[in-house]
Amino acid sequence: NAGVTQTPKFQVLKTGQSMTLQCAQDMNHEYMSWYRQDPGMGLRLIHYSVGAGITDQGEVPNGYNVSRSTTEDFPLRLLSAAPSQTSVYFCASSYMGSSGNTIYFGEGSWLTVV
Amino acid sequence: KNEVEQSPQNLTAQEGEFITINCSYSVGISALHWLQQHPGGGIVSLFMLSSGKKKHGRLIATINIQEKHSSLHITASHPRDSAVYICAVPYSGGGADGLTFGKGTHLIIQP
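One line per chain: the protein sequences are A and B, in this order. Counting from 1, position 82 in the first sequence corresponds to residue 82 in my numbering; the numbering is continuous, with no gaps. Counting from 1, position 101 in the second sequence corresponds to residue 101 in my numbering; the numbering is continuous, with no gaps.
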């Protein structure tokens, strides 16, 4: 099993550019989520999905878009990149929600916006 | 939103010492997660617990649901235990909407 796979691992964007961070899991998990990690802030929830076709906002959703067309994939789109979106992004999945189920993380995507 | 407080933020200890990391949260939950993050970024789940105590090797996690408090203990600490340890709880307590995290405890074990 590959677990949770994120691509790309590193990316440099110019302000105003758009891009998509890819996340795929092969564990047939219903629940997937995106987090960003910034120094001194800890991890913060961006968006989450409880199943194909169902997404919702987390704590810091502005500037990001998600969709869930299949159980396996949960891409995160940056619509118009800003320097404030420089961060490390983690995708995670679990069988159901975060209660009572082990959560699995991808290896992270380091994004720099210049 | 559930608020999570971890202590200490930084901890340096000698090899062999008994380590305790604490986590408190504000909203009642059904489960709490302890995570480990090594330099280079990867995050792995150590424990998911909803009551009592769990043990895995030299790691022990306890939770007191009534007091909204959990502890992570490391016995006979080793330099390979050096990492950031993160406590996480459901964002709003219910569990279907993602996690909210403590800021982490940066642990360094010196030989």
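Think of the hints as simulated: they come from the structure by calculation, not from any bench. For each residue, glycine too, the CB sits at the ideal point set by N, CA and C. Be a bit skeptical, because a hint or two may be false.
Restraint ranges, calculated between C-beta atoms of paired labels, are given here [claimed, not checked]:
{"no.": "1", "chain 1": "B", "residue 1": "G52", "chain 2": "A", "residue 2": "T5", "range": "26 to 36 Å"}
{"no.": "2", "chain 1": "B", "residue 1": "S51", "chain 2": "A", "residue 2": "P83", "range": "18 to 28 Å"}
{"no.": "3", "chain 1": "A", "residue 1": "K14", "chain 2": "B", "residue 2": "G28", "range": "17 to 27 Å"}
{"no.": "4", "chain 1": "B", "residue 1": "R80", "chain 2": "A", "residue 2": "G16", "range": "35 to 45 Å"}
Derived pair list, reagent style DSS-like, types lysine-lysine, alpha-carbon separation capped at 30 Å [said to hold, decoys possible]:
{"no.": "5", "chain 1": "A", "residue 1": "K9", "chain 2": "B", "residue 2": "K55"}
{"no.": "6", "chain 1": "B", "residue 1": "K53", "chain 2": "B", "residue 2": "K103"}
{"no.": "7", "chain 1": "B", "residue 1": "K1", "chain 2": "B", "residue 2": "K103"}
{"no.": "8", "chain 1": "B", "residue 1": "K103", "chain 2": "B", "residue 2": "K55"}
{"no.": "9", "chain 1": "B", "residue 1": "K53", "chain 2": "B", "residue 2": "K1"}
{"no.": "10", "chain 1": "B", "residue 1": "K53", "chain 2": "A", "residue 2": "K14"}
In silico contact screen, one side only, chain A against chain B (beta carbon under 8 Å); selected entries [as the list claims (entries may be wrong)]:
{"no.": "11", "residue": "L45"}
{"no.": "12", "residue": "F90"}
{"no.": "13", "residue": "T102"}
Consistency of the hints with the structure:
1. Between G52 of chain B and T5 of chain A the beta carbons are some 34 Å apart, a value that agrees with the proposed interval 26 to 36 Å.
2. Hint check: S51 of chain B to P83 of chain A, Cβ distance near 44 Å, so the stated range 18 to 28 Å is violated.
3. Roughly 45 Å separates the CB atoms of K14 of chain A and G28 of chain B, a value that falls outside the hinted 17 to 27 Å.
4. At roughly 44 Å, the beta carbons of R80 of chain B and G16 of chain A sit within the given window of 35 to 45 Å.
5. Between K9 of chain A and K55 of chain B the alpha-carbon distance is near 33 Å, which puts this suggested pair outside the 30 Å criterion.
6. Between K53 of chain B and K103 of chain B the alpha-carbon distance is near 23 Å, which keeps this suggested pair within the 30 Å criterion.
7. For a cut-off of 30 Å, the pair hint linking K1 of chain B to K103 of chain B stands: about 15 Å separates their Cα positions.
8. For a cut-off of 30 Å, the pair hint linking K103 of chain B to K55 of chain B stands: about 23 Å separates their Cα positions.
9. Only pairs whose Cα atoms come within 30 Å are accepted, and K53 of chain B paired with K1 of chain B is accepted, the gap being roughly 26 Å.
10. Between the alpha carbons of K53 of chain B and K14 of chain A the distance comes to roughly 48 Å, so the proposed pair goes past 30 Å and is violated.
11. Interface restraint check for L45 of chain A: the shortest CB-CB distance to chain B comes to about 4 Å, inside 8 Å, so the restraint holds.
12. Interface restraint check: F90 of chain A against chain B, minimum CB-CB distance 6 Å, threshold 8 Å, status holds.
13. Nearest Cβ of chain B to the Cβ of T102 of chain A: about 5 Å, under the 8 Å cut. The hint holds.
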